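Same order as they appear, the protein sequences are chains G and Y.
Oh and the first sequence: position 52 is 52 in our numbering, straight run, nothing missing.
Oh and the second sequence: position 68 is 68 in our numbering, straight run, nothing missing.
Hints were generated in silico from the structure; no laboratory data involved.
Worth double-checking, as some hints may not be accurate.
As the list claims (entries may be wrong) - Restricting the straight-line Cα-Cα distance to at most 30 Å, the calculated cross-link-like pairs of lysine-lysine (DSS-like) are:
#	chain 1	residue 1	chain 2	residue 2
1	Y	Lys54	G	Lys162
2	G	Lys108	G	Lys174
3	G	Lys11	Y	Lys20
4	G	Lys3	G	Lys33
5	G	Lys258	Y	Lys20
6	G	Lys189	Y	Lys54
7	Y	Lys20	G	Lys174
What the hints assert, rightly or not - Some chain G residues judged to face chain Y by a derived CB distance under 8 Å, without partners named:
#	residue
8	Val146
9	Asp153
10	Asp197
Computed from a predicted model, the values in this text were never measured in an experiment.
Glycine included, C-beta positions come from ideal geometry on N, C-alpha and C.
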Amino acid sequence: MAKIIVVTSGKGGVGKTTTSASFAAGLAMRGHKTVVIDFDVGLRNLDLIMGCERRVVFDFVNVINGEANLKQALIRDKRIDNLSILAASQTRDKDALSEEGVERTLNKLSEEFDYIVCDSPAGIEKGALMAMYFADEALVVTNPEVSSVRDSDRVLGMLSSKTKRSIEGREPVKEHLVVTRYAPNRVGKGEMLSLDDIGDILAIPLLGVVPESETVLNASNSGMPVVLENNADAGGAYMDMVARFLGEDRPLRFTQAKKGFFDRLMGR
Amino acid sequence: MGWLDVFRSNEKKGSARMAKERLQVVVAHRRTGRGDQPAYFPQLQQDLLAVLRKYVEVGEDAVQMEIEREGDLEVLELNITLPEAKH
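Isolated chain G, as found in the complex (with noise of 0.2 Å):
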């Protein structure tokens, strides 16, 4: 039985794809089967972080329909063993997502695979809602901003009352809260919400800070996972973030301001 984790966020241009990419890529460098699927029909974009948006002939919707099987369709990625993409459909309209295909097409990867990552489109519609209703675990991703807080309270609020684990009153969807965009310096002048603030007013436990990174949009450029660059931050943050959401213990990384010449000569 595979665990199905949403990447979700309500808020747009927050990182949800660049998160799904780097958290499925992780998962699968630490040898676990993994396929990340893009569920934002119309709007594909998985695939081109991904970097292998050439090589899409079938997607989701076309397994959801019967006009493929999911062999057809899964995109196995050719530098990462274990991991497996399933894009969106370009074209068709929102409504071809049904509650009984994308179940269907869960419970088939579930034989395979032991994480399904699923990247949510932005918004509250269907598609956010298919995203995330299967869902076992979410990584809720914000920046620190409030139209992004306030959207992932709302998605926080979703994720409670919408997903088939509440409808069904069983084990809540485990939520972590993964802040991206984290520039340590302006937290520190105080021109930012800082990590305890956003703490403090979503209240879900944090799985991980990505810093605002030049290797964040390098990485989209090429179509490479930025968690391949292990040694860069962004990387390395990601990767931290698949060890602790997998139990390991990693103290948080790149989130405290790089001291400036002048706080070094006054020992500051």
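Mind docking chain Y on chain G? Use the hints.
Only chain Y this time, still in chain G's reference frame:
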């Protein structure tokens, strides 16, 4: 730090704090383990208590608060118990 920076840094300190304060007001549903009490509730309760204590001596439980929801409407119900007046 120049003397003007004193003002500037205060301004900056304000922006993250303002963000948090504003969020605490809008993020007013869903709280783990506390039913659906808003995040700012405990603080509001303490603040009200502090104001009250400027005028009368009251215990910790003098201020009782409750949120009632009717459709889209949220009503804050406030019960303040004053000590019996001494004649």
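Practice task
Hint by hint, work out which the structure violates, then give me just those numbers in ascending order.
Solution key: 1, 6
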